[in-house]
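Asker: Here's the letter readout for the chains.
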Amino acid sequence: GLGKSGYELALVTDLGTIDDKSFNQGSWEGLKKYADEHKKTYQYYQPGEGTNAAYLEAIDLAVKGGAKVIVTPGFLFEVPIYEAQKKYPEVMFVLVDGEPHTEDYATYHTEKNVQPILYAEEEAGFMAGYAAVKDGFTKLGFQGGMAVPAVIRYGHGFAQGADVAAKEMGLAEGSISLMYNYSGDFAASPESQARAAGWYKAGTEVIFACGGAVGNSVMAAAEAAGGKFVIGVDVDQYAESETVISSAMKMLGNSVYQALEAYYNKKWEGGTTWVLNATNDGVGLAMDNAKWRTFSAEDYNTLLKAVQDKAFTINNKSDIGVTDLGLTYVNITEVTD
Amino acid sequence: MDYIIEMRNIVKEFPGIRANDDITLQIKKGEIHALLGENGAGKSTLMSVLFGMYKPESGSIVLRGEPVQISGPKMANSLGIGMVHQHFKLVHNFTVLQNIILGVETTKNGFLKMDEARKKVMDLSEQYGLKVDPDALISDISVGMQQRVEILKMLYRDNDILIFDEPTAVLTPQEIDELMEIMKGLAAEGKSIIFITHKLEEIKRVANRCTVLRLGKYVGTVNVSDITVEEMSEMMVGRKVILDIEKEYKEPGKPVLEVENLTVIDNRSKKDKVKNASFKVNEGEIICIAGVDGNGQSELIYAITGLIHADSGVIKILGEDVTKKSIRYRNTHGLSHIPEDRHKWGLVLDYNLAENLILMEYFEDKYQKCGFLKEPEIIKYAEKLIAQYDIRSSEGTKTKVRSMSGGNQQKAIAARELSRNPDILIAVQPTRGLDVGAIEYMHKEIVKARDNGKAVLVVSFDLSEVMRLADRILVMYEGEIVADVKPSEITDKELGLYMAGAKRREAI
Amino acid sequence: MSTIFFLIQQTMFFTIPLMVVALGGMFSERSGVINIALEGIMIMGGFFSILFINVMQGTLSGQLLLILAIIVATISGAAFSMLHAYAAINMKADQTISGTALNMLAPALSIFMARMIQPSGVQQIQFTNTFRIEKVPVFGDIPVIGEMFFQNTYITTYLGVAILIISAIVLFKTKFGLRLRACGEHPQAADAVGVSVYKMRYSGVAISGMLAGIGGLIFVVTTSTNFNANVAGYGFLALAVLIFGQWNPYRIAGAALFFGFMKTISATYSSIPLLYNLPITGYFYKMIPYIATLIVLVFSSKKSQSPKAAGIPYDQGAR
Amino acid sequence: MKKKFSLPDFTNAAGPISSIVAILVGLLSGIIILLISNPARALDGFLWIIAGSLMSPKDIGNVLYYATPIIMTGLSVAFAFRTSLFNIGASGQFIMGAYGAVLVGVKLQSLGSFHWIVALLTSIVFGALWALIPGILKAYFNVNEVISFIMTNYIGMYLVNSMVRSTVYHKLTNRSLPVAESANIPKIGFDKIFPGSSVNGGIVIAILISILIYILLNKTTFGFELKACGFNNDASRYAGINAKKNIVISLLIAGALAGMGGGLLYLAGSGKYIYVEDIIAPEGFTGISVALLGMSHPIGTLFAGLFVAYITVGGSYMQLSGFVPEIIDIITAIIIYFAAFSLIIRNVLYKLKTRNAGDKS
Ligand SMILES: Nc1ncnc2c1ncn2[C@@H]1O[C@H](COP(=O)(O)OP(=O)(O)OP(=O)(O)O)[C@@H](O)[C@H]1O
Ligand SMILES: Nc1ncnc2c1ncn2[C@@H]1O[C@H](COP(=O)(O)OP(=O)(O)OP(=O)(O)O)[C@@H](O)[C@H]1O
Ligand SMILES: [Mg+2]
Ligand SMILES: [Mg+2]
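Chains as they are written, first to last, in this note's numbering: chain R, 1 to 337; chain F, 1 to 508; chain X, 1 to 319; chain P, 1 to 361.
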């Protein structure tokens, strides 16, 4: 009886695991929540290696396992889903963080059975940077993980938010300092701990930690430094460390949940991309457990409204460098590779 | 009875061989008892059984009238049995003192107490005339001193049954004399000694009784005073052995190997190991280099064969300067070398016999074509050598050399080096550890090479070998050649004086 | 000045786990057993001790919890290392093979067990760090020294230093150390004077297991707030430190310090203006510790000597 | 002794036999682990492991595809073992080779049908050159190769990351650009035989190289020298062999093999890119396992690589029964652990043989 009993809902992980504190985990939690509430069988699959072919194989496996809906978190699935959407027209795909296209980016095409979800991470990052400066911080840090588009958008938004806030507050040009780095991995390591410790030592007050478990190393450094803070990412990370002052969130779980709900309620919107941003509550700043000194819930609501109303133009290009953003109030020290 | 130790009907098997087959050995208190037998006769095995390192398949051991089960060296020690092994068991980077106390350390609160140990060692050293430097590293001291350390190890443990497995194979004549005296002294104190050696005259000199083994079986026990050396060797081998070499005088031909003003400096100590040495070896001549181990013989040979480079001087083979040439070049231009340490240099133990037999020639056109080995040719050649030199092994050409006996390993090297038809044959300690039968064979081969007009250079610490083989003798002392004599013109005693540095030739 | 204090403190985070694990490896190799399984043992030690902290942190916290966790790490590391000891000593196995197997087994096993044990089925194990010492009483107030060594630290740092001193004493001043070294150099000699080679080798491997287990815990506690079945290759780096340190406790400490300092420089150069302003790329800084180690080795390796019998199974019958 | 009849030569067959015993023990422990984690589906899970990779031509094709790079890194490690050197640095050589292949694959598009050959040759050269550093350090400065390999693994990883970023970087995805179609290794019809899988001509190359290495080691004077150096460095010097040169050459070849592994994988046309991430390529460490399971014999390594790929593909199917794929790693680790016991198994076989021989005489 090989493969008789199936799993209706499936998730295929990319290079990370379902507890990577990032999009795999967020998506998995949404899927699990829906499945538990609605008594659906579910399973996740790990591909054999990080190639398009291997992702496709894992999708084959999920289909073989009886999947009706397959959630694929991460832009790495853009090309595999482009293939899979035609290969399995009767299977639904939820593509988180990406849109199907060919390998050379020449053709973008989304079939009816694919629900792509994109997030305006730059808006979440923007709000975090804005709030930090408004809260009185002038020495900021951004610690990304691998320089993938979502991480880059968070970081660029963060820098822009800080810039706007500084301008509003009438601070001098260049008065906000920003240490800026991508660690190159998503793992906790002594290197990331030491780098953050160095920044804190040199005066940095708050670091936006945006790279899965890299954040845990930043938190360890913040705890050691004393009186230093961390801004978490993706989900509200307040529980992971005393030093987490707030988190820039994208509602991964929610959106996956919603996509599944739409499917089972026959309201599937496949074929068109959901862009989740501040306007539709797809991204935001965690305020419930926030420890801002002066930045209040009211301030946040004002900010959120402004972002929703597109009062700011936020650059969301991920193929430029942070110094190309042309910021004047933020003095960026890019720790490049 | 009044035997201090009796091994009764001991049987010990290894995979495929019965190394001890129903052997009985009885030792009296205070006697020196020699154990005699060919290579592989089972002497070391029997002693390992006594020392608790092997568990025999059957048989019993009775110690001071009580049957005992010796479970290991630790127990053997506590029963008063000590052993100087054929291959010394010393930790090379420990000091003399550390080696002596290892296993019976005195401690206080878990920390080593070296002072007491040092005093006891120095006392023993004085009492028995066993001179050692307690703080020297084993790797820095001579083989003779290492042996004294081994003996001190036994005395330090208050052992009164002492086993010496081939202790003289590595010693100089003077050191052998000293050892003999020490052994006699120990016996006189009431200690019982088992003495393994291949040298019959040594047995004659010190032993009271002698037990002979052959092919793992007990042959008999005799009073040494009742028997001649010839009878003993016949008992051991089962036939008559002729050790005296028949060598006819030959007029030496033209020089083959010429060494001029050779100096070798040790990299580490910066001392010169060979000082300004000059000599010639001619066609049809055997030159023996005598001397105490560690006086530069090894370095001299290494420099000639190319294993280390000479710091100054010239080496010529057949008139050609090879001082700067590679090892391979020398090997292919007339030089053959039977090295002193057959396991370190002479053999690739994990290669089979055939592979070892072509080790110096695998690259010749006979054995390869376009870089591919010609297997049939190699096997054919190996089989020829095996037959010609009577190399015994379990699986012929396919035998892993590691599993062969020392004697046969030596034969394999000799076969390989002699069959290359060299102009100059260098043999270092060619008979070390071999039994009389094998020595006889080896000597014959060396003389045959000389008679065929080869130049032969032999290095040996064994004076009787030197006297027997040499057409001319060079003595090395502290890196210098201090004598150049004919064996007929010198006595053993005089040679010993040269070797000890007490005498040097007037001028060159 | 404060930059120097900072660099010293950070250097300790790299140095202490590397040194402790390398010292563990030293005991194993000095007894004659090559231990490339250090990485795997670190992972197992980290796994069990962090799991212990995770379970107990509701009821306990602070130094007591850390000390208990250290004990757990010690025991679990020692227990796991027995697999290597059994293979290497009793089964006379190729020590590289069994070490490789354990390095492969440890992460897979700890992910598997974490998923089995934890109700949420995740592989990461969370913990709250309640172990940092802001300032050691009395010592922390000593000028200069206090700030350098007794502020913002962990007891594991002092544990590491204690392990170094004890290791050196045990190795060079005790009967145990003498016998252990003899077994790694010339086991036949040790056996012939009644030293049990098996026992000494088991002890050596067990100590390496204990120290590597502790090292795994130290590594995780000081650098993260969760455990994810890896120690970032530090077991292999510790192996390199062991060789670099030529199997000698003091040299190992020196090698670990050197490497830790280089690592600190490469990770924190961005906050040291002098270094940040040099025209050197970040990737080059990342490579510096490894390149520097190679260069130092070129000048120091000529006379390097490993324990003679390390890696060779001891067979009583063989000669 | 006369031979009337004799047992098959178990002492020579002992290698394969002990590997097979290890595999059986490993699989047995796998069943136990499956039973512990979910007894109800353990049998299912186990059947997947055994048969999952034989279910369709696609799966068989994928076994061959996965086997290709690890056979190469396995050969690399095994080859160095033959000269008594522990190539724990195959990861660095592998990624260097991968970079060389990708560089040529992306940049030199005008090469036409030679493109893949040049790309592959570049990977060989890059891998070889990367192993040259530890080789020279070992031969001429006595630097322990284990430590320099570990160091060059890290240096290689950072260097490749840095070079990818400055030469063939795709910023949107933080990885290397895709190689040109012409740089992919020809499928030589495998896409027809094993449709849907990623297998390509690379496996044929890997098999040919295994055989080539076997011949090189066992039939040539060069192999004779290399092995002699590995077994006994002093004796080979005595025999006039240039041991230093051989260390360097041996590591050059080992590096070339690992680098070629990188080339074969990244030119496979399966959509593999070099990610700019600070993680050491795992293929090098898998190579150690494969070499050890294959008893450092080139042909053994070939089969060991196929076997590891076989249970890995089967293991991914096991997820259908709700098991995590880490179980495969556990099983493989156990297999390798028991493979280390081969000496004991060999001795048992030897005893059986000699007892038998003894009875007859
Ligand atoms: N550990 C062992 N395993 C297998 N066979 C052995 C072992 N030790 C000795 N033998 C065999 O037992 C026989 C006796 O060997 P032993 O070493 O006792 O001889 P010996 O009389 O001391 O010789 P020698 O004069 O060369 O020292 C030899 O044939 C040898 O091959
Ligand atoms: N592990 C082993 N397995 C099988 N046989 C062995 C083993 N060790 C030693 N032998 C056997 O022991 C015998 C003696 O070996 P050994 O090397 O001691 O020879 P030897 O004549 O004493 O030489 P040496 O001059 O080096 O002392 C050989 O016949 C060899 O076959
Ligand atoms: Mg003997
Ligand atoms: Mg002998």
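Heads up, some of the hints might be wrong.
[As the list claims (entries may be wrong)] Coverage of chain X stretches by chain F, computed from C-beta distances (three or more under 8 Å per stretch; other residues unrestricted):
| no. | stretch |
| --- | --- |
| 1 | 177-184 |
| 2 | 187-193 |
[Said to hold, decoys possible] Derived DSBU-like pairs (lysine-lysine); straight-line CA-CA distance at most 30 Å:
| no. | chain 1 | residue 1 | chain 2 | residue 2 |
| --- | --- | --- | --- | --- |
| 3 | F | Lys108 | X | Lys303 |
| 4 | F | Lys324 | P | Lys245 |
| 5 | X | Lys308 | F | Lys344 |
| 6 | F | Lys113 | F | Lys74 |
| 7 | P | Lys107 | F | Lys325 |
| 8 | F | Lys271 | X | Lys303 |
| 9 | X | Lys135 | F | Lys131 |
| 10 | F | Lys398 | P | Lys219 |
| 11 | F | Lys448 | F | Lys493 |
| 12 | F | Lys28 | F | Lys217 |
[Unchecked claim] Beyond 12 Å from chain P on every Cβ pair, some chain R residues (computed):
| no. | residue |
| --- | --- |
| 13 | Lys64 |
| 14 | Lys87 |
| 15 | Ala147 |
| 16 | Gly271 |
| 17 | Asn289 |
| 18 | Leu304 |
No lab work stands behind these hints: they were computed from the structure.
The beta carbon of each residue, even a glycine, is placed where N, CA and C say it ideally should be.
Asker: If a hint holds in the structure, say so; if it does not, say that too.
Answerer: Hint-by-hint comparison with the structure:
no.: 1; hint: 177-184; in the structure: holds (count 4)
no.: 2; hint: 187-193; in the structure: holds (count 6)
no.: 3; hint: Lys108/F x Lys303/X; in the structure: violated, 35 Å
no.: 4; hint: Lys324/F x Lys245/P; in the structure: holds, 18 Å
no.: 5; hint: Lys308/X x Lys344/F; in the structure: holds, 15 Å
no.: 6; hint: Lys113/F x Lys74/F; in the structure: holds, 21 Å
no.: 7; hint: Lys107/P x Lys325/F; in the structure: violated, 48 Å
no.: 8; hint: Lys271/F x Lys303/X; in the structure: holds, 18 Å
no.: 9; hint: Lys135/X x Lys131/F; in the structure: violated, 59 Å
no.: 10; hint: Lys398/F x Lys219/P; in the structure: holds, 16 Å
no.: 11; hint: Lys448/F x Lys493/F; in the structure: holds, 29 Å
no.: 12; hint: Lys28/F x Lys217/F; in the structure: holds, 21 Å
no.: 13; hint: Lys64; in the structure: violated, 7 Å
no.: 14; hint: Lys87; in the structure: violated, 10 Å
no.: 15; hint: Ala147; in the structure: violated, 5 Å
no.: 16; hint: Gly271; in the structure: holds, 23 Å
no.: 17; hint: Asn289; in the structure: holds, 31 Å
no.: 18; hint: Leu304; in the structure: holds, 29 Å
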